[in-house]
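Number of protein chains: 2
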Amino acid sequence: MKNEDEPKDKRLKPGDAQKLTMAEVAKYVGVSAMTVSRAFRQDASVSEETRKRIMEAVDALGYVLDLSAGSLSSRRSGFIAALVPSINNSNFSDTARGITDALENTGLQLLLGYTDYSAEKEEELIEAMLRRRPEGIILTGGSHTARARRMLAKAGIPVVETWELPEDPINHVVGFSNSEAMALLVRTLASQGYRKFGYIGGTTARDTRGSQRRSGFQKTVEELGLGPGRMISFGVPPITMEQGGQAIVSLLERWPDTEVVLCVSDLSAFGAIMECTRRGMKVPRDIAVAGFGDYEISSICHPRITTINVDCYGIGRQAAARLLHALQSGEATGDEITLTSYRVVLRESTDRAGAPTV
Amino acid sequence: MKNEDEPKDKRLKPGDAQKLTMAEVAKYVGVSAMTVSRAFRQDASVSEETRKRIMEAVDALGYVLDLSAGSLSSRRSGFIAALVPSINNSNFSDTARGITDALENTGLQLLLGYTDYSAEKEEELIEAMLRRRPEGIILTGGSHTARARRMLAKAGIPVVETWELPEDPINHVVGFSNSEAMALLVRTLASQGYRKFGYIGGTTARDTRGSQRRSGFQKTVEELGLGPGRMISFGVPPITMEQGGQAIVSLLERWPDTEVVLCVSDLSAFGAIMECTRRGMKVPRDIAVAGFGDYEISSICHPRITTINVDCYGIGRQAAARLLHALQSGEATGDEITLTSYRVVLRESTDRAGAPTV
DNA sequence: AGACAAGATGATATCGATAACAATTTGAGA
DNA sequence: TCTCAAATTGTTATCGATATCATCTTGTCT
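Taken in sequence, the protein lines are chains W and B. Counted from 1, the first sequence has number 119 at position 119 by full-length UniProt numbering; the numbering is strictly sequential. Counted from 1, the second sequence has number 105 at position 105 by full-length UniProt numbering; the numbering is strictly sequential.
Hints are computed from structural coordinates only; laboratory data are not their basis. Heads up, some of the hints might be wrong.
When chains are identical, the list treats them as one kind, so a pair holds in a single copy or across two.
Claimed, not checked - Calculated lysine-lysine pairs in the DSS-like style (CA-CA distance at most 27 Å, straight line):
#	residue 1	residue 2
1	Lys121	Lys52
2	Lys154	Lys19
3	Lys52	Lys27
4	Lys52	Lys154
5	Lys154	Lys27
6	Lys19	Lys121
Start from the sequences and build out the full structure, keeping to the hints where you can.
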């Protein structure tokens, strides 16, 4: 048996754990557990004096509220779930940050998961999340398995789909049209005189936003009468910087007269530009390149990369705001679409003047 | 009243929510709730036939297990908490991915938070996490507020500190010495003939790993008799690509004869190199630059950046593995230190041959 | 002074699953 | 065929907080 008389260990260590409950705090203070519970919520009616005494006891005893117990009786988990394709992609981690920031001081906590661009993984994650009874859920995109849709419908919580404009929205939407955004970029560059367009993207439709960008590209090039675009598919999405470099090599081998190459994201665009530079080509003098997403790198690198700026952080904030609103108003059925902004950011990599760099 | 005879809505919508409980599934199948509960756990003893019938009912009814109720009685929350400084930094999101991957199929779920490099924010988050009664917690670094340490000790759960080697570890450690890693980089470059070393880092000690790298730099430069290093502090950590560019300008104005500049991370190194390029300087011909962290960008950009490769993903995996081991063995006190690997990656940006690039 | 509203606090039932133990069935070996 | 262990299933209490309703103060207004 341990010596219980030795009150202080020189160093605090795990293992001293006592299962402190609210009831024990209550006994210590000389009130009921219910009063302690009230002291933890700002809206409850407890006298200032009692709350102070309780909080002192909480501090002294080192009590930490147990939300899992509370959420059972209050029937509110205090969770919001969000699924993004990848947390290593700064566009999506910006969105996650937007969600977290919007949730601050709401008493809601974010449960984050990443689907790795797979609808099956998404389905699994949705189930795992729903087991925690989140009060709302934020998804990326509009492609979900049938079972995922069924589970979501049954859950009876507000759902926000983001980053796209799904054809058949589940509930709320906060996003933009990836295909129109890419179309805008094509038209902008065409108006600057570019005629021979190439495109670099991934090989499969796993990345639905990527597919939408691709189709926006293709459609617009044809509408403008600039023939079919020169499309190169390279690698399973999300395609990396390195694959961007390999892809542009293929593209230029096949269609050496290409004037400008649009990429599914800034990362592949950057890889493409670096590979060109390495091979002695100058961007934009020999070939112009544009990306999508306006990652930090694109405004810093040399040459700076033309791209579409997307309000990633705002998507997160607005998605969370929509959820909060739905929770407050109690409505679980509103089908609202919030369009988020995007804009073309013209930079050196497509500069028609094509001033030889350096 | 709604027409309950119409069995299928054309489109499933939230709002159909029924509070389905295990007891109702049990009644539907004709067994007890306990048996349904058992059917959900793989180790429990239920006949295959019963489990099948139960799972069919679960499917038919659309029941989703409620873990919050279960964790109350089983006294196991099924959560692991992890705090990282930032999820927008790919080094840390790699670590988060490592943790998530290691947790797969363990029935444990990750609760992720980001501290924004602040010990106060960390303290708040630790409390918020502990309210969910995680079974273990993973922290970044070894600097915590006194109250945070107290709460952790009291929680009685295994704690893993990562990415550093704290002087006074709480419990488990999975990391490496940032100062020795930086020292290794200095010595490696010194052995290649570099003599006049500069350093770019942030202005405050908020980023403890950054501070350690800085002191490792300073110490080693002095040990090698290369005088005090030329240090530029620029911006509140984490310093951005852009700040890296601004910093190298300051540094070269003040010490124009600097031969090589080490940066607290690859991101600032990249910014520095791009700014130099933009100003007509060639890297490494006119100035050599190195980073830290081996971000994807460093192996792609031109010139490729010399750096320290850190096993970010492995840190996450090993931290989670250590936690799992502690949970299995029931020990909550083991003070083990797991060293993770790092290595110098020499690339073009410090190539002594200094071949003019392009 | 009496009445009543507002504020503070307490008692009890309950959220939905699971631990722990009890009861029952099944099957193998004697 | 009988016995006993293993496998299967059921019963009841419980996890720790909170909803709900009841009770008790306090102060104000007539």
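* Within a copy, between copies, both or neither: where do Lys154 and Lys19 come within 27 Å Cα-Cα? -> Close across copies (9 Å), not inside one copy (36 Å); limit 27 Å.
* Is it within, between, both, or neither for Lys154 and Lys27, if the alpha carbons may be no more than 27 Å apart? -> For Lys154 and Lys27, the Cα distance is within 27 Å only across copies (20 Å; inside one copy 42 Å).
* To do: Classify it for me, Lys121 with Lys52: is the Cα-Cα distance of at most 27 Å met within a copy, between copies, both or neither?
  => Between copies only: 23 Å across, 48 Å inside.
* First find the shortest C-alpha distance between Lys52 and Lys27 inside one copy, then the shortest across copies, and answer within, between, both or neither for a cut-off of 27 Å. => Intra 15 Å, inter 48 Å, cutoff 27 Å: intra-copy only.
* How do Lys19 and Lys121 come out at 27 Å by Cα distance, when the copy is not named: within, between, both, or neither? -> between (37 Å within a copy, 26 Å between copies)
* How do Lys52 and Lys154 come out at 27 Å by Cα distance, when the copy is not named: within, between, both, or neither? -> between (43 Å within a copy, 22 Å between copies)
Of the numbered hints stated above, none is contradicted by the structure.
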